Every structure is written in C-alpha cells, then in structure tokens.
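K.L.:
Residue-level listing of the chains:
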Amino acid sequence: MAVKKLNPTTLFAWVILILCAAYLIVPLLTQFDYSLRMRRDVLSFDAYTSVLSTNPDDNGQGIPRFYTSLLFSTLMAFFTILVSILIIVPTAYWVNYRVPKFKPVMDFFTVLPFAIPGIVLTFGYLRTYSAQPFALTNTEVGTAVILIGGYTIGVMPYTYRAVDTGLRAIDVRTLTEAARSLGAGWGDIILRVILPNLRVAVLSASLLTFAIAIGEYTLANFLFPDERAFGSYMAAVGRNRIFEPAALTIISYALVWVCVLVIQRVARGTDQTQAASIR
Amino acid sequence: MAFLELSNLHKAFGPTTAVENFDLDVQRGEFVSFLGPSGCGKTTTMRMVAGFETPTQGSIKIDNAEITGVPPNKRNVGMVFQSYALFPHMSVSDNIAFGLKIARKPASEIHQRVSDMLALIKMQALGNRYPHQLSGGQQQRVALARAIAIRPQVLLLDEPLSALDAKIRLELRNEIRAIQQQLGITTIYVTHDQEEAMSLSDRVVVMCEGRMEQVGTPFEIYNFPRTAFVASFVGTLNVLHGTLQEAAGDRVLIEGLPPGAMIRLARTLPGGRAGEGVIVNLRPEAVQIGSPATHDPTPVEHDNVLPAVIEQITFLGSVVRVKLRVGTQHLLADLFNNPSLVLPKLGEKVTIRFSPDACRIL
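If you're matching them up, the sequences are chains A and B in order.
For the first sequence, the positions run 3 to 281 when the working numbering is used.
For the second sequence, the positions run 619 to 980 when the working numbering is used.
Hints in this document: simulated from the structure, not taken from any laboratory.
Wrong hints could be hidden among the right ones.
[What the hints assert, rightly or not] With a straight-line Cα cutoff of 20 Å, these simulated SDA-like cross-link-like pairs (lysine to any residue) come out:
| no. | chain 1 | residue 1 | chain 2 | residue 2 |
| --- | --- | --- | --- | --- |
| 1 | B | K723 | A | G187 |
| 2 | B | K941 | B | A892 |
| 3 | B | K967 | B | S936 |
| 4 | B | K941 | B | H920 |
| 5 | B | K719 | A | G187 |
| 6 | B | K692 | A | T176 |
| 7 | B | K692 | B | M708 |
| 8 | B | K785 | B | Q812 |
| 9 | B | K719 | A | P198 |
| 10 | A | K103 | B | T835 |
| 11 | B | K719 | A | G240 |
| 12 | B | K692 | B | Q730 |
| 13 | A | K103 | A | L114 |
| 14 | B | K967 | B | L953 |
| 15 | B | K719 | A | I192 |
| 16 | B | K692 | A | D190 |
| 17 | A | K103 | B | F631 |
| 18 | B | K692 | A | R175 |
| 19 | B | K692 | A | L114 |
| 20 | A | K103 | B | K785 |
| 21 | A | K103 | B | I720 |
| 22 | B | K679 | B | Q700 |
| 23 | B | K941 | B | G853 |
| 24 | B | K719 | B | Q771 |
| 25 | B | K692 | A | K103 |
[As the list claims (entries may be wrong)] Under 7 Å between C-beta atoms, here's a sample of chain A residues computed to sit facing chain B:
| no. | residue |
| --- | --- |
| 26 | Q134 |
| 27 | R175 |
| 28 | L177 |
| 29 | G185 |
All figures in this text were calculated on a predicted structure; none of them were measured in a lab.
Glycine included, C-beta positions come from ideal geometry on N, C-alpha and C.
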C-alpha cells in the first residue's frame with residue numbers, strides 16, 4: 003500500500019494551526035482543570051456550585067449575584083442592541099443607498115472606539131453627562147442611559163461592520179427602487195425589505211454586543227460602583243476567591259460560544275437564500 | 619390628448635448631459651420602446667418617468683396630471699428591472715402581494731389578485747416557492763406579475779430580458795406583449811436589442827447620446843430611417859460612397875467602378891452639387907444577385923445594375939448573407955434561404971440589382 007506523501011506546505015500549515023490552537027486551548031484547559039480542584043485531592047464541580055448557588059464574594063448571603071449581575075448586564079445589552087439597530091441599520095442603509103461616497107468616512111468613524119482607550123471614553127462620558135445640562139448620573143435610569151450609550155459606541159465597530167457587510171450582500175439600490183415603485187415609503191422599505199434580509203447580520207451584531215456587554219468592566223464599574231454589572235461581579239469574585247474565578251471564566255466562555263454557535267446555525271440557514279439573490 | 623406626456627425633458631449630471639430635448643406623447647394602451655446603444659439616455663429617461671431621477675428641465679404628465687415632482691411611491695407606475703429585484707425573503711405569492719399590502723387592500727382582494735396574477739403568468743403551482751428556487755425566466759415573470767398586480771397607470775420595463783438566454787428571451791418577449799395587450803397597460807420598454815424593440819412595439823424611439831433620433835412604427839424606423847445613425851443602428855446597412863454626377867441630379871457614380879456603372883436614386887437631390895461626395899445607403903435584402911451569363915427572366919425597368927464579385931457566403935439560418943466586392947467597395951446581400959436556392963460560388967462574377975427606391979441618402 004502506497005503511503006501518501008505530505009506536502010511540506012500543508013505540513014507547515016498544520017503545525018501553525020496546532021500551535022495557535024494550543025495557545026488558545028491550553029490556558030482554557032488549565033483554567034478548567036483548576037476550577038475542578040476546589041475540594042482537596044478530588045476533582046469536583048464545587049467551584050461551579052459555589053458560583054451558581056451562593057454569593058462567593060459575600061460569604062454566601064442572599065440571591066446569588068451571578069444571576070442578578072447577569073440579568074442586569076443582559077438588560078443593558080438588550081437596550082444597547084435595540085439602540086444600535088435603531089441607529090446603525092438606517093444609517094448604514096442610507097450610506098449604502100444614497101451616499102456611498104461617505105463609506106470611507108463611516109468606516110473611519112466606526113473604528114474610532116478601537117483607537118480610544120476605554121478609560122478615556124469612560125472619563126469623557128462621566129465628565130460630560132454628569133454635569134449640567136444633562137446631569138444624568140443623578141438618577142439610576144440616567145446612569146443606565148450613559149452605560150447603554152457607552153456600550154452602543156463601544157460595539158459600533160462590530161455592529162456597523164456586520165450590518166454593512168449584510169447590506170453589501172444584497173442589491174440595496176434595486177430592491178429599494180422596486181419597493182418604492184410598488185408604493186412603499188421609507189419605513190416600509192426598512193421594516194419589510196431591508197431588515198428581513200439583514201437577519202443574520204443583525205443577529206451577529208446582537209450576539210457580539212451581548213458578549214461584549216456582559217464582560218465589560220471599566221464603564222460599568224465607574225457608573226455602578228456597587229458592582230451590579232456582570233463584569234464588575236467577576237472582578238469582585240476574582241479579588242476574594244481562589245477557585246470560583248476559574249469557574250466563572252469557563253462559564254463566561256461557554257456563554258460566548260453558545261452565542262457563536264447560534265450565529266453559525268442561523269447563518270447556515272440563510273446563506274442559501276442570500277446567495278441566490280446576489281447579482 | 620396623450621395619456622403619458624414627456625415634454626422637453628432634460629437631464630444633466632453635472633457637466634454631462636444625459637438627456638436633452640426629449641418630447642414624446644404616448645397614447646393609452648400603447649407599447650413604446652426606447653432603443654439605443656449603452657449610454658444613450660434611454661434608462662435615464664425611463665427613470666425620470668418612474669421618479670428615480672428628477673428632470674433638470676421639462677415635465678411629465680400622466681392622464682393630464684403633472685407628476686414631475688411626485689415621489690416614486692406615489693406615482694402608481696409599475697417597474698420591472700433587469701435584475702428582477704424580487705425580494706429574496708418573500709415567496710412568489712408574497713412578492714406579488716407586496717404592493718397590495720402596502721396599499722392596505724383587504725385580505726380577500728389581495729388573495730384574489732395574487733391568484734389572478736399567478737394564473738396570468740402560468741405559475742399557479744409555484745406560489746410558495748422562493749426566488750432562489752426559480753429559473754431566470756420564472757423570476758422575471760414574477761417580477762412582471764408583481765408590477766402589474768398594483769394596476770399601474772404606466773408599466774416600465776428596463777431591459778427585462780437582458781439577463782436571460784436567447785430561447786427564454788424569445789418566449790418571454792411574446793408573453794410580455796400578449797399580457798400587455800390583454801390588459802391594455804401603457805408600457806415603456808427600454809432595450810438595446812433592436813429585434814426586441816421592433817417585434818414588441820407599437821412605436822420605437824431611437825436614441826443616441828441623449829437625443830431622440832427618430833420616433834415611428836417599427837416599419838417606419840426600419841424602412842425610412844431619417845438619420846445615418848438610425849439607419850445603421852436598426853438593421854444592417856450597406857454603405858456605398860460615390861459622387862453626384864450633376865447638380866441637383868439623381869445619378870451617382872460609385873467609387874471604384876467604371877463611369878458607365880452609375881446608379882440612379884429614387885429622386886433628385888435638391889441643393890446637391892456636381893462632383894459632391896454622396897453616401898448611398900441600402901438594406902441587404904434589397905439587393906438581388908444575378909449572373910451575367912443568366913438571362914434574368916424578370917428584369918425590372920429602372921433597377922440599378924452593377925457588376926460584383928462574390929467574396930464570402932455566410933449561412934444564418936433563414937437568411938444567407940453574401941458579401942460582394944463592388945469595385946473597391948463591399949456590399950452585403952441577404953437571400954431568403956430555401957432548399958432549392960442555388961448559391962453562388964466564391965470568386966464568381968455576378969451582377970447585383972436593386973431598386974432606386976431602396977437607396978437612401980442620409
């Protein structure tokens with residue numbers, strides 16, 4: 003039986019892939035292993051039980067903060083997604099349809115949040131919106147508004163890029179003109195024609211927003227020093243406990259991976275429809 | 619009074635004039651094609667009627683109502699696009715129903731209208747399919763049904779068959795015309811395909827560089843072209859260079875031929891000077907081929923007769939195209955194909971004959 007000779011280029015590619023995977027997976031595996039060693043000499047899920055059923059940073063009192071902080075951050079993420087869709091989708095649509103020469107300008111502005119350190123943005127928001135005429139930090143709702151606004155700006159590179167990519171996959175101009183020739187106004191066009199064709203893009207953007215929002219620490223901690231946000235909660239657990247932070251890390255990764263799997267699942271189902279409409 | 623009036627339409631994009639001095643009256647139920655090469659302004663003119671371009675100057679009226687400043691979604695003008703533009707997330711039925719739902723028609727009316735449209739395009743069983751599950755021809759039928767479903771005052775078709783293969787194009791072309799005639803919708807059709815324009819239209823508007831070159835029935839456009847562009851763009855055209863023999867005369871000496879080989883025009887050229895260069899245009903089907911050795915049993919008096927040599931014979935199916943050398947120039951002759959046709963031989967010396975009425979000076 004002839005032995006298949008491995009191409010040196012292919013072999014090199016596999017070596018690089020394995021090394022990169024190892025660079026990502028090995029720390030996760032060590033974290034997971036560490037999270038199982040809460041009970042001496044035995045592998046157990048005690049650290050997970052501690053996180054999910056007690057308050058490891060508060061001597062086990064009250065409703066586990068894992069749930070309250072996750073709920074709070076999920077709520078903030080939900081409103082961030084809503085605001086992002088309301089602003090980004092019409093903006094990206096208008097740029098694609100009416101003023102395509104502004105695309106480079108939009109590309110520049112939407113990546114600015116990457117260039118500005120989070121702490122700088124945080125102090126900027128606080129200084130601007132805690133002072134008159136806004137004075138938003140005087141109320142909890144106002145403070146939450148700043149947090150949502152900050153998240154919206156922070157995730158803008160992802161949401162704009164996802165929506166813009168989705169729009170490039172469809173013939174925005176012709177679909178818009180077809181809809182207008184059939185009597186549709188702008189609201190109908192966005193709601194009935196554009197948005198349904200951006201399902202995957204909007205879902206991708208939403209799940210990315212969720213993943214970022216639940217892990218964000220700087221802005222959340224400055225605005226809510228009682229550490230009610232999930233990122234702040236994780237940091238508090240990390241300060242006070244030994245094995246529970248590792249368990250929290252694994253749980254957070256699992257949440258993000260679920261988001262990615264959902265995106266892939268939905269994208270696979272919609273790819274065929276969009277591919278057929280591409281001209 | 620015309621149903622659709624386009625008056626002195628002018629459209630400029632910055633320093634570039636896309637359409638100028640466009641005047642056209644279209645009667646109710648008429649099928650008019652805009653024909654011309656790419657960049658001639660036909661699509662721009664159509665888009666002004668649809669409302670997607672605003673005229674720099676001029677006005678558009680439908681049924682005596684001014685619509686120049688009316689937004690596209692208020693004009694009740696249906697449009698079919700070259701790329702079909704079906705909504706990919708909607709089924710065939712939903713695509714057809716779209717305009718009716720936007721207009722908030724009752725559900726029962728929408729249902730009935732969609733059924734009627736599916737029957738019209740013979741796709742009753744395909745209402746639940748999605749665009750990606752349809753062929754190109756089927757998609758274009760759905761696009762047509764969608765545009766017609768809203769009962770538009772005017773139907774616009776922007777090169778709807780360009781993306782289809784030849785056989786489907788032919789089938790769909792006939793269907794479009796049949797549907798248009800059945801429903802009596804005033805229709806504007808944009809195409810660069812002269813065969814499409816000629817076979818579908820009540821009238822054809824030939825355009826070049828933003829201007830109307832000629833408007834007329836297909837018969838008029840083809841047989842009586844008013845400009846050299848129309849003559850050369852519509853159909854095939856022979857061009858023979860010669861000189862006018864006498865002032866305001868009707869006899870032309872063709873270049874490269876002996877002085878005896880003059881041709882006579884159907885009428886004199888008032889204003890023509892003796893010795894002036896003249897271009898004689900002639901359709902290939904007007905040229906008949908004979909042999910000097912054969913006695914033509916039906917000589918037609920006053921026909922022009924010239925000596926020629928066979929250079930090339932091309933079989934085009936129903937037509938056999940023969941390329942001849944006439945002096946130093948070339949000329950095409952189209953012969954109707956039939957099994958008993960005796961084809962000339964390459965290099966054979968022949969005579970060609972054509973009526974003075976077939977000669978055009980443009």
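K.L.:
Report the numbers of all earlier hints that the structure fails to satisfy, in ascending order.
P.N.:
2, 3, 4, 7, 10, 11, 12, 19, 20, 21, 22, 25, 26, 27
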